[in-house]
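Heads up: the protein sequence lines correspond to chains F and L, in order.
Remember, the working numbering sits 19 above the position in the first sequence when you count from 1.
Remember, the working numbering sits 13 above the position in the second sequence when you count from 1.
Please note that a few of the clues may not be correct.
Residues from chain L that face chain F, not an exhaustive set, calculated with beta carbons under 7 Å [as the list claims (entries may be wrong)]:
1. Ser165
2. Thr166
3. Thr277
4. Gly279
5. Arg302
Stretches of chain L that chain F covers, calculated by requiring three or more beta carbons in the stretch to come under 8 Å of a beta carbon on chain F [unchecked claim]:
6. 93-99
7. 169-183
Honestly, the hints are just simulated from the structure, not real lab data.
Note that beta-carbon positions come from the ideal geometry of N, C-alpha and C, so glycine has one too.
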Amino acid sequence: MTKRSPTTRPRRALRAAAAALGGGALLLATACGGGGGDGEVTLTIDTFGVMGYEALIERFEEEHGIQVEERNITDVADYTPQLQQNIASGSGAGDVVAIEEANIAQFMLQQDAFVDLAEHGAADLEGDFLDWKWDQGVAPDGRIVGLGTDIGGLGMCYDTELFGEAGLPTDREEVGELWPTWDDYAATGEEFTEADTGAAFMSTVQPLFRVVTAQAGGEPFQNTEGELVIEDTPTTREAYDTVTSMTGLSAALPIWSDEWNAAIQDNAFATMPCPAWMLGHIENTAGEAGEGRWDVAAVPGGGGNWGGSFLAVPTQSEHPEEAAELAKFLTSPEGQLGAWEEANTLPSSPEALESPEVTEFTRPYFNDAPVGAIFGATAMELEPVYYGPDTQAVDDAFRAGLESVEQGQATADEAWETAVAESERAAG
Amino acid sequence: MTAPTRAPRDARRGAGHGTGRGPDRAARLRATLDTKAAPYAFITPFFLLFGVFGLFPLLYTVWVSLHDWSLIGGNEGFVGLDNYAVLLGDAKFWNALLNTLGIFAIAVVPQLLAALLLADALNRIVRGRGLLQITLIIPYVTSIAAMAIVFSTLFGTEYGMINQVLGLFGIDPVNWRGGRLSSWTAIAVMVDWRWTGYNTLIYLAAMQAVPKDLYEAAALDGASALRRFWQITIPMMRPTILFTVIISTIGQMQLFTEPAVFDTGGAMAGGNQGQFQTVMMLVFQEAFRYGNYGYGAAVSWVLFLVIVVLGLINVLLTGRIKGAT
Numbered sequence: 020m021t022k023r024s025p026t027t028r029p030r031r032a033l034r035a036a037a038a039a040l041g042g043g044a045l046l047l048a049t050a051c052g053g054g055g056g057d058g059e060v061t062l063t064i065d066t067f068g069v070m071g072y073e074a075l076i077e078r079f080e081e082e083h084g085i086q087v088e089e090r091n092i093t094d095v096a097d098y099t100p101q102l103q104q105n106i107a108s109g110s111g112a113g114d115v116v117a118i119e120e121a122n123i124a125q126f127m128l129q130q131d132a133f134v135d136l137a138e139h140g141a142a143d144l145e146g147d148f149l150d151w152k153w154d155q156g157v158a159p160d161g162r163i164v165g166l167g168t169d170i171g172g173l174g175m176c177y178d179t180e181l182f183g184e185a186g187l188p189t190d191r192e193e194v195g196e197l198w199p200t201w202d203d204y205a206a207t208g209e210e211f212t213e214a215d216t217g218a219a220f221m222s223t224v225q226p227l228f229r230v231v232t233a234q235a236g237g238e239p240f241q242n243t244e245g246e247l248v249i250e251d252t253p254t255t256r257e258a259y260d261t262v263t264s265m266t267g268l269s270a271a272l273p274i275w276s277d278e279w280n281a282a283i284q285d286n287a288f289a290t291m292p293c294p295a296w297m298l299g300h301i302e303n304t305a306g307e308a309g310e311g312r313w314d315v316a317a318v319p320g321g322g323g324n325w326g327g328s329f330l331a332v333p334t335q336s337e338h339p340e341e342a343a344e345l346a347k348f349l350t351s352p353e354g355q356l357g358a359w360e361e362a363n364t365l366p367s368s369p370e371a372l373e374s375p376e377v378t379e380f381t382r383p384y385f386n387d388a389p390v391g392a393i394f395g396a397t398a399m400e401l402e403p404v405y406y407g408p409d410t411q412a413v414d415d416a417f418r419a420g421l422e423s424v425e426q427g428q429a430t431a432d433e434a435w436e437t438a439v440a441e442s443e444r445a446a447g
Numbered sequence: 014m015t016a017p018t019r020a021p022r023d024a025r026r027g028a029g030h031g032t033g034r035g036p037d038r039a040a041r042l043r044a045t046l047d048t049k050a051a052p053y054a055f056i057t058p059f060f061l062l063f064g065v066f067g068l069f070p071l072l073y074t075v076w077v078s079l080h081d082w083s084l085i086g087g088n089e090g091f092v093g094l095d096n097y098a099v100l101l102g103d104a105k106f107w108n109a110l111l112n113t114l115g116i117f118a119i120a121v122v123p124q125l126l127a128a129l130l131l132a133d134a135l136n137r138i139v140r141g142r143g144l145l146q147i148t149l150i151i152p153y154v155t156s157i158a159a160m161a162i163v164f165s166t167l168f169g170t171e172y173g174m175i176n177q178v179l180g181l182f183g184i185d186p187v188n189w190r191g192g193r194l195s196s197w198t199a200i201a202v203m204v205d206w207r208w209t210g211y212n213t214l215i216y217l218a219a220m221q222a223v224p225k226d227l228y229e230a231a232a233l234d235g236a237s238a239l240r241r242f243w244q245i246t247i248p249m250m251r252p253t254i255l256f257t258v259i260i261s262t263i264g265q266m267q268l269f270t271e272p273a274v275f276d277t278g279g280a281m282a283g284g285n286q287g288q289f290q291t292v293m294m295l296v297f298q299e300a301f302r303y304g305n306y307g308y309g310a311a312v313s314w315v316l317f318l319v320i321v322v323l324g325l326i327n328v329l330l331t332g333r334i335k336g337a338t
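Just chain F, with the same shape it has in the complex (with noise of 0.2 Å):
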């Protein structure tokens, strides 16, 4: 969505030029020669993946006459690297910037890079915004660095066709009973496995890691002042124990690789936890067979969030100040409404998930599932997570260490010591 289609690119072309022929007609019209004004300010902002955002910078184009052109990077993996390069070397990155919840702390420790929004009225905001998000975005010493836009409040996506032919329930409101705690949902995995529909419960064990550990809350992996402490937070071990009782549940296909959008189209497996984020993906893989044959219910172990962005604005940026009213803009409530119509991004913002327009959302390809009523429940329960600076490698290195324990080539606690060694690397 946020790719933009081939035709926008010269209708604003087309408005430019009539914008400066407006504005040379002024001139003559005038005929003032006084310098001819400061010009235009044209707004770059960087995105990654799918943030609805078209609309919405249509509309803060008209209202301030500033240009905007965003610059979109599909992969968050090849997005944050590149904005640290441009961070780290003082130029190359956009008037504002997205950053994704996990790597946040990582651009924290360069705060004095990002302009502090507070001096741009965003101080007053923090009613906008989920207490636990508005946090994420604040340094330590109070700078406002960034501001929330949508989280991933987590569903639990299930294949309906594959739940019938196990006999288990298949309306969402069952099926969300079935599994109040992750040990039910382990007990109905292994109902579903005696059943034997040639269909794995799951695709693989390592995405629910992630979410096992932010349910917990607290600091999973590090601590504010970027010590390791995986070894001294009992939630993560336990988390970790949890998740690998159940490898004997999963396919082990690694997540995104080809094997396991082949088994997407497949219908290899039964479950999956599936962030706001996660159904056009589930969608677009699927595509219409799988129409109808997927359904979204309530994620166990209570609330839940995977991943989630912050927009920011460089000190390197020459137009501060109108950086940050976009920045503003976008993540306001009204702006995360725009972006949840474009997209089904999830709001941060209260106000917004409250609006009518999540609630009583539903997607036609999810059984007319009301996930804006799914995923904004989730979000209001969640315990606030501090994810570090090195939360991408850690999370690399136990995603490692999960598929070696469900291809069996090493133990969980053979896993758990090699990843917890990586993580040291990393943070180091």
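Please build the complex by placing chain L on the supplied structure of chain F, with the hints as guidance.
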């Protein structure tokens, strides 16, 4: 480029002689400059670019490797040879070196032998040789990313075509990425698919340069085809073989793209237990994923030394080919 400017100058000098006047000193100086200095002037751009993009980074990497250096903090102090000391005791480095050498061995040896045999076969074919040559070079000019996507799909565990074919023979699916040898094999196949044709063409060119009368004389003396191949073709191609072995060594020791794209996830971990993490992947992971520029620089310098040592061993070994004949 030089011919048109030189011709009129020579003509002028000729004209000078013709009229009986002594040779013009300035012209002679120009001529000297032309022949002695011009070649250096013409190759200067290369050395300037090499200096900026080759030599400077090379030396700067030495400087970085002697420091604790991170992406965010920049230079965080001189640490001498600490990074190198850590490297010697780092199991991940030795693992990566083992992987790189292992993939090198199972990729390059069959690749060069296959290239030699293919070149020999092509050398005997007269009709359609051009078409075959073009076919052989196609993998080399194919986008490496496109190739990697195709091979990644072929080597899938559940849905890969190779496992499906193996299944027809009752062989259990192989977890290509999961095991050490299986992942090395898959990567070696990608490498060979890309480079065999390239080396074949180089060998073919060398074979065609071997004088035919040597073969005729040997045939008259009753030497078999095999013997002619081993005792004429191979020794005559010694410099070419040395060239391909060294180029392959340098390339393979820096192997990166094939294993990186074969991997799942972007962490450059080379499989879930580092079973196919090459040295270059380790450099990338340390420097750009973990932000340890100093250590990454040290690893890349040790890799450079390993390549130099291997290059010398190559020269010594290939020198023996000559000694044997």
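Each hint tested on the structure:
Because the closest C-beta pair between serine 165/L and chain F is about 6 Å apart, less than 7 Å, the hint holds. With a least beta-carbon distance of about 6 Å to chain F, the hint placing threonine 166/L at the interface is held under the 7 Å criterion. Hint on threonine 277/L holds. Least Cβ distance to chain F is approximately 4 Å, under the 7 Å limit. Hint status for glycine 279/L: holds, given a least beta-carbon distance of 4 Å to chain F, under 7 Å.
Given the 7 Å rule on beta carbons, the hint for arginine 302/L holds: about 6 Å separates it from the nearest Cβ of chain F. Check result for the region 93-99 of chain L against chain F: violated, 0 residues qualifying (beta carbon to beta carbon below 8 Å, three or more required). For the region 169-183 of chain L, the assignment as covered by chain F holds, since 5 residues bring a beta-carbon within under 8 Å of that chain's beta-carbons and 3 suffice.
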